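> Sequence:
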Amino acid sequence: MQEKPVRMMTEAQQAKLMQFVRVGLKWVVGQIPFDEVVRTFGQPKKYEAEGVRMIEYAYDFDDDTMSVTFSYDKLHPIDGMPRLNGFELEIRGDVYTNIPYETWDGLGLVRVKRGELIDGARAIRGDFFDPTGRRDITGWDPKNYVTFNYRLPMPPDAPFDVGAGFGYLGEWINERGDATLSNFRNAVNLRDLGIGRHYLTPEELQQRQLAKRRKYGEMNLCTGMVCPETAIWQAWTSNGPTDAHVVFKDRPFPTARNLTYEEAKEQRRYPTWEHARWMWLREYNVPEIDL
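Each residue of the sequence shown is one higher than the last, beginning at 59 in this note's numbering.
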């Protein structure tokens, strides 16, 4: 990376960059398929090789200002297909972008905060401001290269997190001072960015489920109260736990039978309906429907 770019990015080029970020973010989240990316930006170049983990789709531009790459992971397929990894955008070394880092606050992203809990269980380990260049012992990144880290709030049953990092060149107010945002200025020269998925591990999924059971258990949710999350819920009656049902968010919890189907059959008696306490059992994944 060059510290003294010689070309100013035009407003049209900035608009194209922002369009890539907005469309790319929708693709990473899963709101649009990759076909929609192609319809928007044209056919990319595909890079795939035997023994290489990623399948990449790259966009390069005649004005030689930036390159954009969308990638899929072959090593960890989902339903037999390469899973979505993320996209990266890199600015050419001699181009000055003039895009303040605060720009990204307006995309629905939130700044990463160390220790903040996701799902009530998983603590964020990183920081919003990362002095990448100061930490780099290889000398590859200049000392005034930093990264601003964001995440996108996801639905409570999402199988992945979405994270974003924006790399900038700026100035240290005091080069011998603390490596903090308050000691950094002029962060307007975007150099690269990446937005991608982190798929939850089985251990992380279990942590989330345990946290939900604890959280909703403490709320003492009963018949007539509003359901806080679409999920599989189990009713507890005077006879203990009975059948599990899908209860949708913002709808009231219903009454429940005091016997399961099996118990009613074994005891040869009809169940009665009564007020129940509802316990979160597991996440509900709505099946996909071909329209």
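Check each hint, because a few of them may be wrong.
Said to hold, decoys possible - DSSO-like mimics (lysine-lysine), calculated; alpha carbons at most 30 Å apart, straight line:
(1) K323 / K273
(2) K104 / K201
(3) K171 / K201
(4) K323 / K171
(5) K104 / K132
(6) K323 / K84
(7) K74 / K201
(8) K103 / K74
(9) K171 / K104
(10) K104 / K84
(11) K84 / K132
Stated by the list, open to error - DEER-style ranges, computed between Cβ atoms:
(12) D120 / L175: 45 to 55 Å
(13) G197 / M66: 23 to 33 Å
(14) S240 / T161: 12 to 22 Å
Everything labelled a hint here was simulated from the structure, so no lab data went into it.
All of these numbers come straight from a predicted model, not from anything done at the bench.
Glycine included, each C-beta is placed from N, C-alpha and C at the ideal position.
> Look at each hint and say if it fits the structure.
Here is what the structure says about each hint:
no.	hint	result
1	K323 / K273	violated, 34 Å
2	K104 / K201	violated, 34 Å
3	K171 / K201	holds, 23 Å
4	K323 / K171	violated, 54 Å
5	K104 / K132	holds, 14 Å
6	K323 / K84	violated, 50 Å
7	K74 / K201	holds, 29 Å
8	K103 / K74	holds, 18 Å
9	K171 / K104	violated, 36 Å
10	K104 / K84	holds, 21 Å
11	K84 / K132	holds, 21 Å
12	D120 / L175: 45 to 55 Å	holds, 46 Å
13	G197 / M66: 23 to 33 Å	holds, 28 Å
14	S240 / T161: 12 to 22 Å	holds, 20 Å
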